[in-house]
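Line by line, the protein sequences give chains A and B. Counting along the first sequence from 1, when you hit position 80 you're at 83 in the working numbering, and nothing is skipped either side. Counting along the second sequence from 1, when you hit position 287 you're at 441 in the working numbering, and nothing is skipped either side.
Please note that the accuracy of each hint is not assured.
To give an idea of the interface, some chain A residues facing chain B are shown, with a C-beta separation under 10 Å as derived from the structure [unchecked claim]:
1. 31
2. 42
3. 50
4. 51
5. 162
Computed list of chain B residues with no C-beta within reach of chain A, every gap over 10 Å [to be verified]:
6. 163
7. 183
8. 244
9. 317
10. 406
Simulated coverage check for chain B against chain A, where a stretch passes if three residues somewhere in it have a Cβ under 8 Å from a Cβ of chain A [what the hints assert, rightly or not]:
11. 394 to 404
12. 434 to 440
13. 443 to 455
14. 475 to 484
If you're looking for bench data, these hints aren't it; they were derived computationally from the structure. For clarity, every value in this text was computed on a predicted model and none was experimentally measured. A virtual CB, placed ideally from N, CA and C, is assigned to each residue, including glycine.
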Amino acid sequence: MTPPQIYPGGGGPSEREVRRRRPLRFFAAALIVLLTFGGLGGRLLLIQFGATNSSGATTEVARGHRIVEELITPARGLVLDRGGRVLAKNIAVYAVQIRPGDLSLTVRAQVVKTLGEILKMDPVRIITLLDRSTGSLWEPIRIANNVSERAARLIDEEHASLPGVETVVEARRVYPYGTLISHIVGYVGRIDGVEASTLAPAGYTVVDFIGRAGVEASYEEALRGTPGIRQVEVDAKGRLVRILGVTKPPVDGSSLTLTIDIEAQQRATTALEWGLKNARTQEGVVASMNPQNGEIIAMASLPTYDNNDFSAGISNAKYQKYLANEFSPLLNHTVGSYFPPGSTYKLVTYSCALNNNLVTPLTRFQSTAYLEVDGEKFYEWNRAGFGGSLTPSEAYSWSSNVVTFQLARLIKIDRLSTCGRQWGFGAPTGIDLPSEISGLVPDQAWARATINRGLYNAEVLQSAQGQGYDLVTPIQVLNSFAALANSGTLWRPHVVLSITHADGTVTPITPVANGDVGMRESTYREMRLAGRKMALNPGPSQGISRMPLFVSAKSGTAQYGVRDSLGRLPYHNWMGGFVAPTNDWSKNDSTFAYVVFMHGTNTAGNAAKEVTKYYLQLQYDLKRDYRTPGLLARGNFFGE
Amino acid sequence: MNRLDSPLGSALRRVDWVAAAAVGLLALTGIGMAWLNARSYGQELLTPSSLLVRSLTWTLLSIAVYSVTTLVNWRWVRTFAWPLYAANILLLIVTLIYGVDSGGNNRAIAIFGLAIQSSELSKILTLVAISTALTRVDRGSGGLQDLVLAGAIVAPPFLLVVAQPDLGTALVLIAALFGALYLSGVATRWVAALASAVAAAGVLAWVVVLADYQKERLLAFIDPNADPAGPKYQLLRSLEAIRGGGLFGAGADGTSILTPLPVQESDFVFAALVRAFGAVGGLFVIVLLAILVWRLVWHSWTSPDEFGVIFAGGMATVILFQTFVNIGMNLGVAPITGITLPFVSYGGASAVSLAFGLALVQSHRVHDGGSSPLM
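Chain A with its partners taken away, still in its complex shape (with noise of 0.2 Å):
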C-alpha cells in the first residue's frame, strides 16, 4: 500500500518503512480519536441535558435517602374570550427561599451577602426576613418572589456555599385583563392548613393553588386537570435529590372559552363607569345576556378588583383596603348581590293580572293621585296622576303606582309571590358563577315563619311595586326579561361556551332551560308590546324612544335604607329589557337582553336609564349620542 504523497516535490518513504508501516494501525488510531473525543463531547451533553440520575452517581438510599411518590401538578387550563383572547394563562415563576435550620449563624453573614448580589436585594431586607419568622427551623422562609431564570439558575449551582437556601419554581396565574373581567373569570388562591385537610382527598397540598372566584372557582375541576404521579429521592430531611421517573404523566387541565366577547365586555363596563362617574357613585352593574341560549353576553360588576393581585399573592394592607371599601369590590354584585328590584318588577304584576284573567289588555283603571288603603294614602310617583284612564300596558309604560296598587288588590299576596316566583324570582338562577343568592319573594307563609304575622295590606302593595321586603339579583331581573323576550324559558344562564380538554376536544356546554314561565303566549306579547311602549312613552324613556332600535324596556327606582332629613329615602336606578330584531312584537327572537342597575344614585333622571342609552348606542353601534348627563346630577325629587 503506498500511503498519499502530500510532500510535494520531496521523495516519499523508503520501501522498507513502507513495509513496516501498518495501515490497520493507523485505521485503529483515528478510530480512538473519534470515539475518545465522541466520547467526551456525548459525556458532556449527557450531563447537562440527560436524566439527573446518569450524572456518574448512584443512589444514596442507604444514607437515609429514601423514594417517596409525590404528586406533579398539572398545568391548569387556560381561560379564553370567546375570540380566542387569552383571559388567564400561566407562567413560571422562581421563587428563593430558606430553610433557617440549614443555615448555621457562622456563614450566615455570607451567605445572605451572597444571596444579596444575585437577588439585587439589600441583606439587611434578607435577615429581617430571616429574624421575623417564628416558624419551625425547617419551614422554608420565602425570600423572594418573582426571581429571574438566570438568578435561580445561579442559586441552584451555588448551593454548596447557600447551604438552607433554595429555589422553588411556581406557576402563577396572570390574567392579561385585569379588572376588566376579574369578576367573571375570578382568581386562584393557595390553599390554606385548614382547606388542605378537607382537599386531600382530592389530591390537593399546601402549595397547591384552588380557583377562588369566577370561573376559576366554579369550573375549578376541568380547569385543574388530573395530577401525576413520579416518584422521587428524599434526603433526611425531606429535601428532593433527584426525580427517578413519572408514574403517570398528569393530565393538563382544560381550557374555558367564554361566551364573553372582551369587546363586548368592554361597552358594558365602559357605558357603567361613565354611568358611574357622572352620577357621582361607585356601584353598579350592566349585563346582557341571549334569550335565546342563556349565554352572557357582558357582565360588568363595580367596583372591581384586580385578580392579579391574588395570584402574585395578595398583601395584607391591599386586602383590607378591598374589604374595607363599602361597594364590596371582591363581590360580583350580578349574582352576589340583591337589591329591592323597584318597578322592574311589576312585569310580575301585570302579567299576573293578564295571565290569571283578572284584567284583559283593554281594561281600564283610573289614573288617580293616590290610593287609599286602610285609612293611609298611597301616592304615584308624580303625586298627580296620568290623567284619566289607563289601560295595563299604559299604566305600564307610566310606571304607575297607583294602576299597579289596584291590580295588585286584585291578584293579592298568594297569586303575587307564585307569579314572582314563576319569573325565577326568589330562587338562583344557577349560572355557572359561585356565590349566587337567591334573593327573596315574600308569602304569607315566609312572613309567618319570619316575622310571625301575615302581611299587612299595605305590604302586599309595596310587594307588587318591587319595594317592601321583595329583594332581587340583576341576575334574576336578566332572566325574566330575558324569559319575556323568549316567550317563557328560564335559561340557566352561562358564562362559559366550551371545554377545550388536553388532547384537543371540544365538550360545548349545552344551554339548559332551568325552568319555565308557564304563562299564555298572549300574556308574553302583551308584556313585551308594554315594554315596548314604556321606551317609546317619550317621558318615561328619558329619550330611549329616539333610539332606531327596537327596545322593550321596564325602568325601575327602588328605594331603600333611611329618610334624609327631608323625609326623603335613597334610591336605586333599574332599567331592563331586551331589543327585538323587528317591530313585531309576537316575535319572540331577540337575541339581546339586558339589565342594568345603578346603586343609591339619587340622581335628577333614572341612571339606569341613562346607562342603557349608552350601553345600548355603543353596543349597536350607533352614532348619535343620545346620552343627556344632565340627568345624571343629583336630584332625588322621586317620591315613588
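On the provided structure of chain A, position chain B as indicated by the hints.
Chain B alone, transformed into the frame defined by chain A:
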C-alpha cells in the same frame, strides 16, 4: 524570484495552518479562561502576579518557542537528542532535590521568577529520544529490542517524575511510550506484553507506593456522591458547574459572582469553561483538540521517515491522553489526576513544552526528510 520561492516562503507554505490555527484558538481560550479565573478569584487583573498577566507571559513565550522551532530544522533537535535527554534527567533530579510545590502535584523550580515544571518538558524530550532511538535501530522485526530500548529510555524520567510525585505526568509518559511503539510498528504481542507489565506494576504501586490521598483521588470519580463533604467534593462541584452551564453558560459576568471551583485554572478549567460558556464552549474546545490530534495522526501516517511517524504519533498520544484524562475527570469518567488541558489550563511550562513538541512536528513537515537521506 517569487517571494514564495524563498526558503522562508517555501517553509510557510508547508506549515500545517489547520493545526497552527487550532493551537492558536486553544491558546486564546486559555487566555480567556485566565482572565475569567482571575476575576473569579477576585484578582487585580493588571498586576504582575495576576493569573491573566502570568498566562499572557507564558503564552507569548509559547508563541516564540512555537515559531522558532517551526522554522529551525528538526534535525538539530534529533542531533542533540541525547544531550537534551541527559539535561532533562538532570533537571528532574534538581527539581526533586530543590523543587517547590507549585500548588498541584507538580514540583517546579523557579527560573527568572517563572515556575518551571520540569516534568512537563520531560514528556517532549523523552519522546524525542524514543523517536531518535527507534529510528536509528536497524529493525527487521520491530520486535523485542525496540521495546526494551524504548522502555529503558522512558524508565529514568518516569521514575523521577513519580518520585516528585507527579502521577499525572508519569501516566502521560507511559501513554506516549505506548503510542510511539504502537505506531512504529512494534509487534502486537510485545505491546500487549508491555501493557500487562504496566498493569502489574500498577497493581503493585497501588499496594506499595501510592499514598491514601492519591488512591482517594483516583477513586473519586467512581462514586462522587459517596461523601459530598470529602475529597469527592471537587468532582461534585465540577459536575454541578457543568450541569449549571446549560447550553450557553452563565456568561463571564454571571461566573464572576460564583464561588470558584477547585483548581479551576488547571485541573477543573473545563468545568469552569462550561459553567461560563455552556455546552457550546465545551464542544468548541473538544472539537479544536480533536482537530489537533487528528492532524498529528495524519502527520504520523504520511511522514516520509521513521522519526516523524514515531514523534508525531507520540505527540498525538500525549494530547489525546491529556485531553481525555483532564476533560474526563471534569466529566466524572476518569480519575482525578493533576493533568492539564492542553493550552487551556494555566499550565506554565506545560504550554511551552507542548508548543515545543507540536512545533517540532511542524518543523518535520517544513524541513521534510524526503529530500535528504536519513542521518
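(request) Determine whether the non-interface label on residue 244 of chain B survives the test: each CB of chain A must be over 10 Å from its CB. (result) holds (33 Å)
(message) Verify this label for me: residue 317 of chain B is non-interface relative to chain A, using a Cβ-Cβ cutoff of 10 Å.
(response) holds (29 Å)
(request) May I ask you to test the interface hint for residue 51 of chain A with respect to chain B, counting a Cβ-Cβ separation under 10 Å as satisfied? (result) holds (5 Å)
(request) Count the residues of the stretch 475 to 484 of chain B whose CB lies closer than 8 Å to any CB of chain A, then report whether that count reaches three. (result) Our answer is that it holds, as 4 residues pass the Cβ test (under 8 Å) against chain A, meeting three.
(message) Next item in the hint list is residue 31 of chain A. Is there a CB on chain B closer than 10 Å to its CB?
(response) holds (8 Å)
(message) Is the coverage entry for the stretch 443 to 455 of chain B by chain A consistent with the three-residue Cβ rule at 8 Å?
(response) holds (count 7)
(message) Take the shortest C-beta to C-beta distance between residue 162 of chain A and chain B; is it under 10 Å?
(response) Where the cut-off is 10 Å and the nearest Cβ of chain B is about 8 Å from residue 162 of chain A, the hint holds.
(request) Count residues of the stretch 394 to 404 of chain B with a Cβ under 8 Å from any Cβ of chain A, then say if the count reaches three. (result) holds (count 9)
(message) Just to be careful: measuring from the Cβ of residue 42 of chain A to every Cβ in chain B, is the smallest value less than 10 Å?
(response) Where the cut-off is 10 Å and the nearest Cβ of chain B is about 8 Å from residue 42 of chain A, the hint holds.
(request) Measuring Cβ to Cβ, find out whether residue 163 of chain B lies farther than 10 Å from everything in chain A. (result) holds (14 Å)
(message) Is the interface hint satisfied for residue 50 of chain A? The criterion is a beta-carbon contact with chain B at less than 10 Å.
(response) holds (5 Å)
(message) Please check whether the beta-carbon of residue 183 of chain B is more than 10 Å away from every beta-carbon in chain A.
(response) holds (15 Å)
When the structure is compared with the earlier hints, no violation turns up for any of them.
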